[in-house]
Every structure is written in structure tokens, then in C-alpha cells.
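*Asks:* Each chain is listed here by its residues.
There are 4 protein chains.
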Amino acid sequence: MPGNTFGKIFKITTFGESHGRGVGVVIDGCPSGIKISEKDIQAELDRRRPGQSQITTERKEEDQIKIFSGVFQGSTTGTPIMMIVENKDQRSSDYNNLKNLYRPSHADFTYEKKYGIRDFSGGGRASARETLARVAAGAIAKKYLREKLKIEILAYVEQIGNIKTDIDFNKITKKDIESNIVRCPDKKEAKKMIDFVNKLKKEGDSVGGVIRGVIKNAPIGLGEPVFDRLNADLGKSMLSINAVKGFDIGSGFEGIGMLGSEHNDQFFIDKNGKVKTKTNFSGGTQGGISNGENIYFRVAFKPVATISKEQLTVDKNGKVVKFKASGRHDPCVLPRAVPIVEAMAAITLMDHWLRKIVGDR
Amino acid sequence: MPGNTFGKIFKITTFGESHGRGVGVVIDGCPSGIKISEKDIQAELDRRRPGQSQITTERKEEDQIKIFSGVFQGSTTGTPIMMIVENKDQRSSDYNNLKNLYRPSHADFTYEKKYGIRDFSGGGRASARETLARVAAGAIAKKYLREKLKIEILAYVEQIGNIKTDIDFNKITKKDIESNIVRCPDKKEAKKMIDFVNKLKKEGDSVGGVIRGVIKNAPIGLGEPVFDRLNADLGKSMLSINAVKGFDIGSGFEGIGMLGSEHNDQFFIDKNGKVKTKTNFSGGTQGGISNGENIYFRVAFKPVATISKEQLTVDKNGKVVKFKASGRHDPCVLPRAVPIVEAMAAITLMDHWLRKIVGDR
Amino acid sequence: MPGNTFGKIFKITTFGESHGRGVGVVIDGCPSGIKISEKDIQAELDRRRPGQSQITTERKEEDQIKIFSGVFQGSTTGTPIMMIVENKDQRSSDYNNLKNLYRPSHADFTYEKKYGIRDFSGGGRASARETLARVAAGAIAKKYLREKLKIEILAYVEQIGNIKTDIDFNKITKKDIESNIVRCPDKKEAKKMIDFVNKLKKEGDSVGGVIRGVIKNAPIGLGEPVFDRLNADLGKSMLSINAVKGFDIGSGFEGIGMLGSEHNDQFFIDKNGKVKTKTNFSGGTQGGISNGENIYFRVAFKPVATISKEQLTVDKNGKVVKFKASGRHDPCVLPRAVPIVEAMAAITLMDHWLRKIVGDR
Amino acid sequence: MPGNTFGKIFKITTFGESHGRGVGVVIDGCPSGIKISEKDIQAELDRRRPGQSQITTERKEEDQIKIFSGVFQGSTTGTPIMMIVENKDQRSSDYNNLKNLYRPSHADFTYEKKYGIRDFSGGGRASARETLARVAAGAIAKKYLREKLKIEILAYVEQIGNIKTDIDFNKITKKDIESNIVRCPDKKEAKKMIDFVNKLKKEGDSVGGVIRGVIKNAPIGLGEPVFDRLNADLGKSMLSINAVKGFDIGSGFEGIGMLGSEHNDQFFIDKNGKVKTKTNFSGGTQGGISNGENIYFRVAFKPVATISKEQLTVDKNGKVVKFKASGRHDPCVLPRAVPIVEAMAAITLMDHWLRKIVGDR
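Protein chains in written order, with this note's numbering: chain A, 256 to 616; chain B, 256 to 616; chain C, 256 to 616; chain D, 256 to 616.
Calculated directly from the structure, the hints in this document are not laboratory data.
Ideal Cβ placement from N, Cα and C applies to all residues, glycine included.
Wrong hints could be hidden among the right ones.
[Unchecked claim] Facing chain D, a subset of chain B residues (Cβ under 10 Å, in silico):
| id | residue |
| --- | --- |
| 1 | K263 |
| 2 | I264 |
| 3 | G329 |
| 4 | G333 |
| 5 | T334 |
| 6 | P480 |
| 7 | V481 |
| 8 | R610 |
| 9 | I612 |
Model the full structure from these sequences, guided by the hints.
*Replies:* Given below as C-alpha cells:
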């Protein structure tokens, strides 16, 4: 069954494998008249690129984006936009040792049972390399939302292992986030995180964490009751990212101890005559529809499954075998996942913005 | 834009308002030949019914289900199944005082801004009464999954406010869950929860909590990469329930402190020759596809927005007004939300089971 | 698999069987703020009603529509609109003789082979009674298109058997169409048609024909390349009506003998400065998108399968049996199919109008 | 709004423009384990290729297909299959004269009004070059249907202008069709057609015609009531092809003169004990579901809009201008459209086969 499409109007379909010819995306439903260049897209991809810093994998991949269709003389035309990154460094022979075994907490076993066949070179379709296609599509959504609607979409690393910042997400800027290689806007905690990740890198181990997302200036009215609530679609978009195990919005799991009388966001009229809420435990959506307040959410990532430590696992023939990943891998994906979270948020918002134009009245 | 449909093959569309003529559902895509009676459906609805115990709202609603189409001589025929509960106790005049004001943390404000009009009687479409349609559809899915595939779907209250059980979800039975009115299988904690909710009821306040869901015996191979992962669709299904603010699966938000070497679920061969994992931090899905282990997840509910304490809010004309809910309402929705969580899990599993039949090979 | 939904934004799902509890529709995606009453809907249903004239079936069915949800104080609210007609005259015992046999050119055989079970009372879901749900949904679309966009949607009987009118469809009014019971605006040919149908009624035989549809004043830009062309979706909508075997638009099957130099619709500037075409062989769409000219199309209906003449057929056990329909049936469905064709055209246009608002720029 | 996707389970999305970087397709939902090579695809593309004979355009385009993803070691893997043909001979400067004018009966005017921008080089997305993506996707569907289900899908030219064959479509083979360059299996009429097209080529004019499609050995039970009938989806698939203006199935427009007693397909039991029909006016579907008889249909093509004769038209500024197409174009697209019709039929059948597996029981 098809499952490689996200969105109803701004509809993206991704394709490609980590060690095949490349990875790409088709966007169907992008409005015409948006100025787009490969440079715009590349800037976002570079934030996701492997080898960008000492704490990411050392693999060097240039990940050059190519716009294949749907853009004419620098503008989108309303026809499908296809974009592609061709793989340069395929090295699939490296992976012959993976042919018959199931790496722990990877998708090797489930893909093989589901499809009866799997591309065993570097994870194939299950590789996080697929997410570059999302970042490329997200770059267009982000540009449109920013330029046309002044919506700002930010994400940053809030927690790695047990190291956590409690910085106020309402005050963060993109510059703060990009000020260090771990993409945590709290310098002090960022330093600790970097040290921790470097230590794990040496040990060949890995760690997870939390990315915080913030959407500022979203218009009132995004989200479609009752199943396609904005929060439900944001949740799905995040839970579809590799290694994500949890999502919450507003007070989320942390608001459980509160009483209704504390948690309710009372309305007031601000100095501009606008209806606003005093608190924002709802996280910017009520009844599944955006209410004009900041939308904020958390995304929980498990530790990367690929580690250099020796593990026991089984192979196709049911034999127990030893396994130790030999490639160069990220000890912590979160710094590189920041643009992915932003991209999925942008795609979800874009889709709901286009849905809103129609559906309301 | 439409947003009232969930599922791709087992496709449910709900309709109806809390104080209109009634609430119902159309299921399109249900396989033929399933034995179904109104009794089967009613049993699940009764678990969601208001007034079922001292800790729920005292409103008495019978919520009698009627199967309108798609079932012939006791069997589904493959044509759309429409089911309906007609509202008996409409009393919409009670709600005239809500006509012009926006209740805090309700959907009054967002619906009005989105649609320019709203059914102000009791929340209209935004009322949790809509979820009875999901429970009805879920009853059919549950029956099919249980009888045909031996899949068991359970949910229970794990936490209310700060009262929490750490009982092992792998060992819970339906009987344990139904053994008390708060639907927490840990008798000691259940007692505390009931006392706490009763206290809040007197005070006119409310509280949230966590429902744990467990799916046992799911076949390997459910879930479609890359966007329609089983975990992503489960997450969306839960986040579409009223008052839900968070979802996690497997280790979720609680696994963040773990290292990869601790978190990876190592494979082994069990005594029946089956590939199993020693631990199950993945929560039964890897690469978005079920791996045959128990699927377990948490759903975070915020406190009910309707409380009897006086609050400040604003009305349509931008005036600040005092507001105090007069109706009879639940201080804590979780005991009644247990069958809703089970229903959405069943619908999601059913949809992915039918998708699997087609898509794999 | 689900197949009971039509439309992407103005999305209708029909349900119900001819001799079950009733037939109905859910519309998801209808804009809010449209004034709608049961009277508006009923007027269209009455044009489809059995027993409305001497040349239709003599079955008396009142077909009273009930709006169940989605309309509040006379206006649509943006939430799902459910409408229903309850069956009064079920008489399913009449149909026991159909239980085991396959009526020629009916869906008895194919439903039974597909689903393993079928509702044998009066055709069940395969009955043309299902189309009343479409007429109800179409009534809302028609009203919106007429009042908001001044779009006029007309259909009439152009041919029955070999009796055919060549009246100019650009000049027809609704009044002309409704001026006689066969709904052919050419009085002379209408008379012949009525006589012919009456003759067949006596003989217990049936006949097919052609309905012509005309859409005036459609805005430029409806239709989505490349698969969801306006002409392709109109075609699908018509071909989904019971007994329809053909569809063409513009010059259609009759333009085959023309050369390109004759067929091309040359552009000119009219006195209001608008770009128009001199001829309109394209039928109002070019590249799948409406160009502002009249959209016109033909829909071919086969003769009704239900006839009172004795036929040979087979039963479930593979025996050859004699069969003669005993009920009261239409010798020619076309007069009653006119509002169905209009309804499906309106639903298709409405959907594409809502799609256009978003997609263009 | 998106409109570039066809199918629900075997879901194809095409992209690309006639004079951009190329044209391609993503198939999402293709089952795993199908043996596929670029050679298999190329064979079908070569039947659609320009310049293949004296009666097609003289443009030489190699149209080399490249499989980009979804195939591993010669087998489909269940992940998205992306295939692409890169444009070699772009020559877009040739088209600068088209920048400001609207060619008669082309999509220039409607695209520009809809999107506010259009790729004016050679028709851009509206060019029939887009259909090569469909032929590529259809090649996989065809192979699967033939090898796994023994379904044979054929199409041939039945009529060009007023020259028509009445050969029995039940007896045609692929070899008959490919025996001459016009792809009409009736040698005598084929000769006349070729002469006629050659004459028009010299005159710079064009002509339309009818392609007949035949599907043999389709299993019983394909098609989903009530909107996604097999005939409705086949109709839509054909009406989405450039220049198509009509579709009928079974007796279609030609059965209108028949009475029900003549038209009904009486059932009988054949010598193998199978339920068959004596006649097949239904065209292999009843109630929208295949009944095991041959499915046959007609597709009406208008004359190609591009002709070398001088025409009057208007430009963007509202001026009347003379226009004469200078490129090399087909006087009659039908011979090259035969594989397109086959491809769309195969894609539709494949989709409904996969839908059937799920949906029935």
C-alpha cells in the first residue's frame, strides 16, 4: 500500500534509497508564482548535511539539490515540483555483511518480513537519508509561510540524554539556535551536550533527546475538525520521522498534574483589541484549530540504533551472530534533525493553510 | 475542507453535534461477512456512557445505537455501514448563555473565527460526544481483530494528576481494568484516584492524566513506510481525541536518558524458533512497521476545560465577562476515555491490517 | 475497499440500501454560511421521485428528506452535513424469489461473487435508489453555485431509443425542460418519446437514451491537470450513475470526422474585451481546464434491465430458471435521471470550484 | 490543488514538462517481488516514441527510461518506484514566438488564466509528452497483470476520420495490431487510414478517431460500488488523456436504439460449469463490477490542435494575430496513443485488482 505521501493539498511524495541512485521528492499542489531557486533549498539541506561538524558523522556528502520540474524562469508554475539529490558515494559493497542479518532496533527485520525483500545497503528506504527529501520540500513551504504570512518556524535541541535547557522558547531566535553546533540556544547547556556527545562518539555509543518546536504568528483557523486537527497532523508529521518515539503539544505530558482551574487559558482583550489568552497551556490550538497564540511542541528521539559496540543479534537462518557497526555514524541525530522537524512543521502548516483558504466560508 | 474521515481502507466518517439530532458514523471499506449486532456495539458504548458511575457526569444519556445500513441478516455486506445515536435530551435552551461568549480552553473561539458561525449548544461538533461514533466504529474493528486475528486491544488509566500506577502493562487483563470505576487495574492506586476525583467533583474542578494502551498479538508487518508508519498513525488517531495533548510509544519521553547500547532491542530465537527481541523499548514497531512484540503507548489528557469555578473570559463584543459552567460535567474524562482510546487503536490497526493484505507482496 | 465517496473537497459519501432502513449522504467539506432548508433539498428530490407521472414507475414513494447534522439555525456550519430519507414501503418479502437467482444485466451476480453475500431485496445497494442521496447533496451544490457564482446547470432528455431532438442546447431553459413529463424541451419530439415509452410500458419492455448536460457561466480555471481534468471528473461522475454506458464532451464521438482546421476553436476578443472562442467544439474545457465557454456533454443510458417479459437466467445452484420481474418499474429511467445528471454535474463543479480557490496562486 | 496522481493503491504521480529537464513518474503502492528491468519499460515506450514511422511526427526523440528507485537487484521492493526520461532535444528558443499568444484549442489560455504563469515551451506540462510517464508506469502494471493473472490488455485504432473497421475485437491479437504502422488490425482499412493520414500530413492538417480497448480474462469482482465502479474509473483514466473527448463501454452510445429485452445479457452455464452471459452488451461490467466477460470500450480523440495551416488567434494583449505552427507534429495521434490507452487501462485494472484483494471479504 502507498504510504510515501504526506499532505492533502500541499502533497509531498518522497522516493529513493540511501545507497541507490538518489533520494527525491515530488510536490503536487504547490501554488504558482512562488520564487524558488536551488540556492533556497540548498541552504536548508546544508543544515541537515552529514559531516557538518565534529559531533556528527564524518561521512562527507555534498547533497546537491536539483530542481527537475515545476519551476519555470524562477517561479513555481502550479505543476508538480520534482527535486532530487543524486548519491555520489554509494559504496554498497560495504554492506554485503548486512545482507543476512537483522541489526537490533533497525528496520531490517520488519522490512524483510513485510516485503519479502529488502535493499540491505545502508538501510535502503528506511535510512534517515530519506528525510533530506522532506527538508527540500519544507524549504519551499517555509519560504512561502515566511514571506506571505510572516509565520516563523523554529526548532532547537532542548534535551540530550539528561542534559536539558529550560530556556524560554518564546524568546529564541534562529540566530541563537545556529550559534553552536548542537543547535541548543542555551550556551551553557549546549557546551555540556557537546562534551557528552563527543564522549559517546569515542565510546561508540549513542543517545537520544528532545527537540522543541515553536511556530510563531500562525493565523487563527488552521486545522480541520475532527480527525485532521492541527495538533494531530503535527503529531503525525513528527512521529513519521526516523527515531521519533513521542510528541506532545502545549502542556503535554508535563501538564498532567495541573487542575482545570490552573490549566484553562483565560481570554482577554489585548491593547490592540485582539482576543488573546493570558496563559498558553493549550499550545496554540483549541479544538484542533490554531488560536493565534504560539504553537509549541516537543519531539522525543530515541538513541540512534547504529553503535560501534558489539551486540548480539540473529541472522536470516535463525543463528545468533555478533554484530558491530563499522560505518561512520552520528552518536546523536538531534542537531541534524532540527531542520527536519522544522521542515515537517512547515509542510504541515502549509498544507493546513491551503486547506483553510477553501474550507472556511 | 473535509477533516471528518479517518483511515484509508477501513474509512470512518463521523457526523453530528452534541445537541442536534444525534451523532453517527459511516464506515466505508468494512469487509463483508462479519457478524455484527447492535448488542455488540452497545456493549462498548455503555463503557463510554455518561452517568455510569459516581465519578462521571450525572447526565443520564442512554446512547442507544442503531445500525442503519450495511448489515444484512446479521452480517456486514461490504457496503457502507451507517450507525447512529439519536439525542434524547437536547435541552438546547440551556445553552443560550453561551451564545456570545468564548469559554476558556474550549473550541468556541476557534470555531467561530474559522467558520464565522458555530453551534453554541453544548459545544456542537467540538463536543466529546462526537467520540461515541468512534467507539461504535471501533467495536466492529475490535471484534474483527479479536475473532479473526486474535489481536487484543486494551487501555487503562495509568495516571490521574500525580497519582500513578507502575503496574506491568504486559500482564493486565480486561477484567482487571473493568474491576473498578476509574478503570485503573492497580486497586491501591485506583482507590486514591477515585477519592481524588470525588474531591475535585465537589470543588467543581477537573484534572487530566495518562491512559496506557497495549496491543497484544499484532501480526508482523503492519505500518506503511515512510509517512504512514504504524506509530505515526496511532499517534494521529490518539491526538485527534478531545483533550489529548501528548502521545508516546515504547520508551517514548522516558527513554531519553538511555544510551543506544542500553536501548537497542537485541534479537534472539525463542523456543518456538521465532525471532523475538529481548527487550521491547521500541514498543512493538521498528521502522514504522510492527515487529510482533507488544505495542504499548501512552496518551496524555489535559484537565477537562469545563469546571464549575468562576472564570474570567471575553465575549463576542470584546467585553470581559464572568463565566461559571452550570451543566453536569466530568471532573476527569479518563475513565470514560478508556474505550475511546481502545476504539481508535482498533480502527488504526484494522486499517493497517487491510492495507497490509494488499500492499506487501 | 471503500468506493462510496466522491469529491476531494466537497466530499460526499452515500450509504443505504433500497429496502433497508433508508438511504442517505454525508457531505464533508461544505463551506459554512450557506442558507439551506429541507425544502430546498426536497424540491430536487421530487423531480427524481418515483410515481411522478404516467411514464414512470407507479411505486409511490414520498422520499422525505431530513437534515440530520451540519446545519444550525438555517445555515451550514462547516461541519459534516448528514441527510437521510427513511424507507417507508420496504416490502422485502416480495423479494424472496430473488434470493437465489441472478437477474440478467443486474448486479446480483457480481455483488455475490465479490462480497460472498448480497442484500437481495430490490437490488440493495446496487439499486438506483442510492442516487437520491446524490440528488440531495447536489441540491446544496447547485444552490451555492447558482447564488454565489451564477452558474447554471441544466440537463434534459435528448434521445430515447431512436427518437432524438437536435434542439440547440445553448438556448434551453429550465422551464423548457420541465414543460413536459419526459423532460425533453422539444415539444414535438417529447410527444413521440412519451408515446413510445407508454407503448413499452404496456409491452413490459424498456429503452435507453441520451441525456444532454449543459453548464453555463462556469468560471475560467476549473479542473486540475493532468488526471483530475474537469472533463475526466465529469466523465467519472456520470459513468458512476446506474445504467450509464457512455460519456462525451464537446464534439465527442461526433467530431471524429472533422479535420483539425475545422475543429480548432479560434480565439477572438468580444465586445466586452473578453477572450472568447468563435466555435466551441472543445465543449468548454481545454487542457482539462474550463475556458469560460458553455460546457456541454452527453450521457448514454442503456435500457433498464428490469422488464416484465420472461427471460432465462441461472440461479446460485447453476440451474437455468425462468424469470419475470413482478414489481412496478420504469420503462425508461431518463426523465427521472435528469436531476441525477444535474446533481452529479453540480457536485463535480462545486468540488472543482473549491479546489480552484486554493490551487491557483 | 494536486491533480497529478491517479489510483488509490497502485498510485502514480507524474511530473515534468515537454521542454524542461524531463518527464517522469513515481509509483507508490507497487507490490514487492515483481521482476522489472529498464528493457521491459523501454519496449512499451518505443511504441509511443515520436518518429517511429512515416505517419508520425519526424521529431527524433530517444526517450530512454531510467529506473531511479524502488527496484533492487531486479525486483520491486515495495518502496516508491521513480522512473525518468531526460529530455535531450530541448530547443526551447524555438518557442519564444509562443510566449504571448494563445494557440487555438491548446491549453495556453486556460493554464495562463489558472496559474498566472505558464511554461510556454512546447506546451510545458500540458504537452502529450507527459503521457510517456503513464506508459512507463503502465508497463509494470501490464507485466504484473499478464504474468500473475493472465490478463491481456489490447488497444487498436478502430476509426480515423470516417474510415472505420468493424473487425471483431474479441479476436484481435497484439501481433495483428502491430502488423502495420497505423495499429489497425484490419489490413484493408489500415491501408486507407495510412493514405489519408499521409495526405493530411502534406496538407498540414490533422484528424481524430477512435481507439478500441479490450481487456481479456479479467477476474470477476473488480470495481468498487458506487462511485469507483470499474467503468467509471476506466472512463476517467481515458478522459484524462490529452485530446480525448469521449468514452463508452459495452453497447455505449450505439446501444441506445435497443430494447431491454434485446440488451439484457442472459446468464447461462458453460461447459466448464461457469456462469457466463450469452451476449455481452454490458461490456464486462455489471453494477460497476467486472463479471468475467471481455471488457471492451471506445475512446474518442479529437483532431490534433497543432496544424501547419494559418489560423487567427489572439495574444496576451488582446490583439488578433496570425499563427501557423512551425514544428514537426503528428497529423494523427492515434497510432502513438494506442500504448497510452493500454497503459491507462492496465494502471486502472492493477489498482482495482489490489483494491479487490483487500476489500471483498
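*Asks:* Now tell me, hint by hint, if it's right for this structure.
*Replies:* Hints, verified against the model:
no.	hint	verdict
1	K263	holds (8 Å)
2	I264	holds (6 Å)
3	G329	violated (15 Å)
4	G333	holds (7 Å)
5	T334	holds (7 Å)
6	P480	holds (7 Å)
7	V481	holds (9 Å)
8	R610	holds (7 Å)
9	I612	holds (5 Å)
Of the numbered hints stated above, the single one contradicted by the structure is hint 3.
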